[in-house]
Amino acid sequence: MSRRRIRTILLKEWVLLFTDLNSALVVTLLPFLVVGQGILYIWLAFRFAGESMLAASVFQTALQKLVEAMPGVIQLPGQEQLLVLLLSQFNFFLLLIPTMIAISVATFSIVDEKLSGSLEALLATPVKTWELLLGKALAGAIPALLMTWLSGGVFLLVALALGWGHLIGYVVTARWFLTLFLLTPAVAILSFMLGVAGSARAKDPRGAQNTALLIILPVFALIGIQITGVVWFTPLLILLLALAIGIADFVTLRAAVRLFRRESIVVQWR
Amino acid sequence: MAVIETFGLSRNFGKTIAVEDVTLAVEAGEVLGFLGPNGAGKTTTIRMLAGMIAPTEGYAIVAGHRTDRDMEQLHEMVGMLTQTPGLYDRLSARRNLQYFASFYPSVESQSQVEKYLKLMGLWERRDSKAGTFSKGMKQRLALARALVHEPKVLFLDEPTAGLDPEAAGEVRQLIRTLREEGRTVFLSTHNLNEAEMLCSRIAVIHTRLLALDTPEQLRRRFFRRQIIVQLEASDAKVMEVVKSLPFVQEARGEGSQLILELTDLERNRPELVKAIVEAGGRVIGVSEKQYPLEDVYLKLIREESGNES
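Line by line, the protein sequences are chains A and B. For the first sequence, position 126 matches number 126 in the numbering used here, and the numbering has no gaps at all. For the second sequence, position 6 matches number 6 in the numbering used here, and the numbering has no gaps at all.
In isolation and in its complexed conformation, chain A is listed as follows (with noise of 0.2 Å):
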């Protein structure tokens, strides 16, 4: 019955979704953007400060556990050195693209139906609250999950556009398909529970949207030490910290099926 109900959240959040045209946009265009923005700034750092840029010491530090990493590094010229380090963090940059989708989208998931009234209607029926909480989190992260692949494959096709074609075998390595595959599929899942948890704690939409920013800071946080070189991400790395949010994403949803409060959601909203 659980999956049941859960596919039918899903579904009708599906078309919910897709029927608005601002949610569509953010889900269809915003990946884009993203993978735009972040090849003009890597071009921009290619062609106009590699120099410096090589200079400072943080990248000097984040170059040395490149080189570590991959000692074929080493027998390409500086810039291209560069290049390969910014491209080589990308996978991470991507982890962008559901946690901004999870902010616009899955924040008012419970907002929404509070104050058109459909939750009291829902909360009449038999839905235990982690299947609804579970199915509208899902209904999120996964067209989030798809476009975040189709991103990566987008951003490879750019690059191999732009030239930067022999460098793709040190971009495409097993830490690559451990981000995209495992890190992000748990990002993302952590990203639209903490929105819908969020959502379904707010007092209103803005203070939803307002609690949902954090979820983009250790995203931000994860791609600033991994540039700096302050923690250079191993296979193995990857592999225990998409575990460890694994493991998170089950424990908020606990954490969130407990906070949910039906009680005052049917008392106080209107």
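One thing to keep in mind: the hints can contain errors.
With beta-carbon atoms standing in for the labels, derived distance ranges [to be verified]:
id, chain 1, residue 1, chain 2, residue 2, range
1, A, Tyr-41, B, Glu-114, 54 to 62 Å
2, A, Leu-150, B, Thr-132, 32 to 40 Å
3, A, Ser-264, B, Gly-121, 34 to 42 Å
4, A, Ala-24, B, Asn-193, 46 to 54 Å
5, A, Leu-146, B, Glu-72, 29 to 37 Å
6, B, Gln-173, A, Leu-11, 31 to 39 Å
7, B, Glu-5, A, Leu-146, 49 to 57 Å
8, B, Thr-132, A, Ala-24, 14 to 22 Å
9, A, Leu-213, B, Gly-14, 27 to 35 Å
10, B, Glu-261, A, Ser-264, 51 to 59 Å
11, A, Val-231, B, Glu-72, 40 to 48 Å
Honestly, the hints are just simulated from the structure, not real lab data. Remember, predicted model here, so these are calculated numbers, not experimental data. Quick reminder that beta carbons are idealized off the backbone N, C-alpha and C, glycines included.
Chain B: place on chain A using the hints.
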């Protein structure tokens, strides 16, 4: 057999007492009108009975389930029409119903959805988005949603509030249909005529339960039964004769009408008419004086307000 029973049901919100010590029972197949002014605790009571909020004291059993314990089983047994229709405007009428029907394990959603869209007169508009519906249509769709899983008990929270007379009439007709089908309906309303038209018994609440009875018994509780004799013209001699009758307890004239209180309204009536005719009075009609339910309701509420102050 009672399908709704409450035992000292109470609910506070902080220091505010919303519902206090409500004890009542509703029989299977009964339509109970639940009346009270704004803020009297009608919606809070319904929410407690539908297992959506817990009582702070007391408990309720609905369709055999404790409302504060067996919520999932309870929700399969009850249907609820909330004050706002709460539909998904961007979904069609059919998809709205299918969505809610699919949460019930024993419901064959396709046939149930079709049945209730037809019953509510929405079948022709089944693929139209709910957002394009009029208020009355939305309310009918919301009623279909409350019924789609064939609940034993139906809670209707002000189902005609905010509707125009035609739409309200349509909803009332649907409630009549439910009554004829023998469903148990707990109907919260402000509309006293509506309550009288649709309900077998009426409960009046103002935080506490002030009264629970049939409309007729409520009238008798507050107003003595009186008979109105309509004469062709006022006649002092007739009045004199009437006053002298041993079973007439009180008599007064209002134009060509005699308003009388009798010892036994049914048994004394033929003797009364005979005496009037023998005294030369020409009787046009005899009827019992009807007090509007509104008078009963206002009396109850005023008495309660008086007690509070």
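Starting from the range 54 to 62 Å, see whether the pair A:Tyr-41 and B:Glu-114 falls in it by beta-carbon distance. For A:Tyr-41 and B:Glu-114 the Cβ distance comes to about 56 Å; the hint holds.
Pairwise beta carbon distance, B:Glu-5 to A:Leu-146, judged against the given window 49 to 57 Å: 52 Å, holds
In this structure, is the beta-carbon distance linking B:Gln-173 and A:Leu-11 contained in 31 to 39 Å? 34 Å, holds
Is the hinted range of 32 to 40 Å satisfied by the C-beta distance from A:Leu-150 to B:Thr-132? 34 Å, holds
Could you check the hint for me, namely that A:Leu-146 and B:Glu-72 are 29 to 37 Å apart, CB to CB? 33 Å, holds
For the range 51 to 59 Å, tell me whether the beta carbons of B:Glu-261 and A:Ser-264 fit it or not. At 54 Å between Cβs, range holds.
Has the hinted range 27 to 35 Å been met by the Cβ atoms of A:Leu-213 and B:Gly-14? Holds, since A:Leu-213 and B:Gly-14 (Cβ atoms, about 32 Å apart) stay within the stated range.
Given a hinted range of 40 to 48 Å, is it respected by the beta-carbon distance of A:Val-231 and B:Glu-72? 46 Å, holds
Does the Cβ-Cβ separation between B:Thr-132 and A:Ala-24 fall within 14 to 22 Å? Holds, since B:Thr-132 and A:Ala-24 (Cβ atoms, about 20 Å apart) stay within the stated range.
Outcome for the supplied range 46 to 54 Å, where the beta carbon pair is A:Ala-24 and B:Asn-193: Cβ of A:Ala-24 to Cβ of B:Asn-193: about 48 Å, so the range 46 to 54 Å holds.
At the C-beta level, are A:Ser-264 and B:Gly-121 separated by a distance inside 34 to 42 Å? 37 Å, holds
Violated hints: none; the structure is consistent with every hint.
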